[in-house]
Amino acid sequence: MDTAESSSTSKKIQVQRYKPDDNPEKHYLNEETGLWSWLTTVDHKKIGIMFLGAITFFFFVGGIMALLVRTELWTPAKTFIEANTYNQLFTLHGAIMIFLFLVPSVPAALGNFILPLQLGAKDVAFPRLNLLSFYLYLTGAGIAIFSILNGGIDTGWTFYTPYSSTTGGAVTTMVFGVFVIGFSSILTGVNFITTIHKMRAPGLTWDKLPLFCWGLYATSIIQILATPVLAITLALVGMERILGIGIFDPAMGGDPVLFQHFFWFYSHPAVYIMIVPGFGVVSEIITTFSRKHIFGYWAIALSSLAIAFIGFLVWGHHMFVSGQASLASMVFSFLTFLVGIPTGIKMFNWTATLYKGSIDLKSPLLYIFGFFFLFLVGGLTGIVLGSIALDVHLHDTYYVVAHFHFVMVGGMVMAFLAGLHYWWPKITGRMYNETMAKIACGIIFVGFNVTFLPQFVMGSQGMPRRYFNYIEQFQPFHQVSTIGSFILGLGFLMVFYYLVKSLFGGQKATANPWGSRAMEWQINTRPPLHNFHHIPVIINGPYDYHKPMEEFQLGLAESPTDGHGQESDLEVTSDGKEINAE
Amino acid sequence: MSGHHISTDKTLLGVAAALLMLTILTVGVNYIHIPAPWNIITAMGIAVVKAGLVALFFMNLYWDERFNSILLVAGLAFFGLLVGLTLLDTLFRANVMPAF
Amino acid sequence: MADHSSSTTHSRFFQHHFVDAEQQFQTAKMGMWIFLVTEILMFGGLFAAYIVFRLWYPDLFTQASTELNTFWGGVNTVVLIGSSLTVAMAIKSAQLNQKKNIAINLGITLALAAVFMVIKYFEWTHKFELGIFPGQFYDFGGIAHEKANVFFSLYYLMTGLHGIHVLIGMGLMGWLLWRSLKNHFDSEYYTPIEITGLYWHLVDIIWIFLFPLFYLIE
Ligand code: HEM
Ligand SMILES: [Cu+2]
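Protein chains in written order, with our numbering: chain A, 1 to 582; chain B, 1001 to 1100; chain C, 2001 to 2218.
Same shape as in the complex, but just chain A (with noise of 0.2 angstroms):
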């Protein structure tokens, strides 16, 4: 079955030790170059970095609007745009940062760079269908910018029913787009379970697996199981536009409720794919910079099992005030509450990995920290809102907009940032500016709350959310909201510059320049084509800082007569407990 249990059988297997080269004179960007050779690419590591560049691009296009909806709100009439462009321009920038940009961010491109690496493998198990997830995000993007120049949409990035059944404009084009994006989501969690169970090098048992690898892992089953009633419930409410099917429009004897229980069903658990990996990003994070070993790896690894689980089960809580049983509601609201507890027992444990660690304070764990303390708030305002009395009062106030930026960006996009900084050198083989990176953050962590946190204030005193104009006893609260979200916008700038910058004389990196026991920095910066030069055998965990380098640079012996630099001939036994050096 799995190359992975290979070795639990008796025999003795020759390893040798592949020391890493630092900067080789073939890596994976020089071995086939060309434009030609980057569009067909089935090689993980391209195909993540053009996810990349994408999700980049559509970061920008998100933030621009996002800045435009802030500046009109500047003052509580109209400032500069119409009201209908108003609605345009949040639908669009909710819409694509969520499909666009947070969905695919961690898993597709950081995950497909990283998740071959962390296991040992030459690649993905279906590399052409990860290039075709590729391409079907470019052509469902390409389908959403097109319904964008050719009427727009004003439906909130919700697309609510009946309201979206009956508004003009390029609706229909657009659930098309999203579900297309879809398929692309969908292919990515195949292709990453699949890969997880069959693809894992010698020794790489259950309980090896790093954290991130288990992240992904729970992201895909959500995508899978949730993906799908995303794809139909937009279908229908395409056929609803076009054939007046009368399943969600009550003009024509549906139940709009039923399209919002079918949205949630994958939009609750898709809150879930845009932080899982971000979780799984933590965990890495910080052991590699307190250098010590995961405190609690198996409660890691299955709380976000349990979170995957659970959060299929609360949906309902986006729906207290729409009219749904209160049964329902009272179902929803317990199991909401559930969710916060698989949620602190990672948080207790990446604490208490913390605590005696020695720390090294670099930029990625700074992020990291920066996600602490917003995914804490972000996390326990969604307690709040899941209680149905106080989400009576707070439901669609700027409360809940308050709420789900500090998980979505002061959670996932710190998060990303993060694994970004962190991986950075091995990606690209380039180290940035350490000082400009930790201004960044600051300016991130600074402007983030100043555009946030008066948001919580003027939402818990009745600003609905999605209005062009407001009364003008809110205008104080709009305006720091504003002047934030530039602050906001800067970080981010800066941290596009130094990155870029970097590309372009910065500091070589070195093969591991944090020091880090994970296997993907156990290989050379930039990786090989093929990632290995040889089958990578695992002895211990990717956070067994307490053991020497050397253990964790092992690979299956080449035979004798081809000479790949060899350095000591190691053998070890099947249970991978003696190591002796020849």
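Since the hints were made in silico from the structure, they are not lab data.
Note that the Cβ used here is the ideal one computed from N, Cα and C, for glycine as well.
One or more of the hints may lead you astray.
Label-pair ranges, simulated between beta-carbon atoms [stated by the list, open to error]: (1) W206(A) x F2013(C): 29 to 35 angstroms; (2) I242(A) x L1076(B): 29 to 35 angstroms; (3) H2145(C) x A1077(B): 32 to 38 angstroms; (4) I2168(C) x F504(A): 46 to 52 angstroms; (5) V2075(C) x W1038(B): 22 to 28 angstroms; (6) T1011(B) x V2078(C): 16 to 22 angstroms.
A few chain B residues facing chain C, derived, Cβ under 10 angstroms [what the hints assert, rightly or not]: (7) L1013; (8) L1019; (9) L1082.
Starting from the known structure of chain A, fit chains B and C with the ligands onto it as the hints suggest.
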């Protein structure tokens, strides 16, 4: 893991025959008008048996890695969640179609 | 029972990021199973809508179902069962290296799928003639229930999505047939037939449920 299972003609034809019989059965039962809800329960019961036969012997789950069966069951279980929690609302609403 | 895990001769379809052909085969199969899970949930949305509406309006379903022809629905069930059988036979033939039988069985499968679609076509067009169109175009006075259109929307959507899957399956079967005629498959390598077979059986299973849910309501 074991190698690939090769089904004999006997198994395959046997399963197909069983499926055929069950199809005839379910149509036949339909004509004797069992009172609700037992009519739908029998019909679904027969369908589940048929689907089970296809999954176990045509799709080879009977001989296959257990994980693939787990996948199938998980898919059905989450479908169950979708239906179950939705019914928790739709069956217990004060007004079937909320007014607005 | 043939165990290929020890085989060192690589088929020309062996992909080099795998350790051996067995790993490649098992991986492809698991991938397909995961994909089938997504199919179950995609149809699941429609089945869920069906259940919700049926529990709300049981009468509607009893009345409207009489417009569907149980006989042809039954024939189509049998047709699909037959095609599932022939797919399974095609896989068995591949495993036993009976290359000619692969093509024959795939050919029969394709033909049966076509029969299914032809019957579907006549069922649908017959309804169109009566004015039973989906959604807002519904124009039929024969059913005394205000939500009759919703029943037929569900009917068209569910059998339609299923029909699309049959069409895709036919495309895949045609492709497999072409490859088998080019001698691509043998007992060492028949992964595409195996996983397309899984897909096809799932399409069959979905019909196994659609049939009683629409045609057998009394
Ligand atoms: C402890 C965990 C969480 C709980 C208890 C929770 C609870 C809630 C509740 C009750 C609402 C509905 C508020 C309303 O509409 O009235 C909500 C909205 C939302 N939450 Fe969370 N949440 C949690 C975590 C997350 C995470 C991790 C994310 C994203 C990464 C997220 C993203 C969102 C979004 C996007 C909305 C607004 C959806 C919309 O109406 O547009 N939440 N949350
Ligand atoms: Cu939610």
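Each hint, compared with the structure:
no., hint, in the structure
1, W206(A) x F2013(C): 29 to 35 angstroms, "holds (30 angstroms)"
2, I242(A) x L1076(B): 29 to 35 angstroms, "holds (31 angstroms)"
3, H2145(C) x A1077(B): 32 to 38 angstroms, "holds (34 angstroms)"
4, I2168(C) x F504(A): 46 to 52 angstroms, "holds (47 angstroms)"
5, V2075(C) x W1038(B): 22 to 28 angstroms, "holds (26 angstroms)"
6, T1011(B) x V2078(C): 16 to 22 angstroms, "holds (19 angstroms)"
7, L1013, "holds (7 angstroms)"
8, L1019, "holds (5 angstroms)"
9, L1082, "holds (5 angstroms)"
Consistency note: the structure conflicts with none of the earlier hints.
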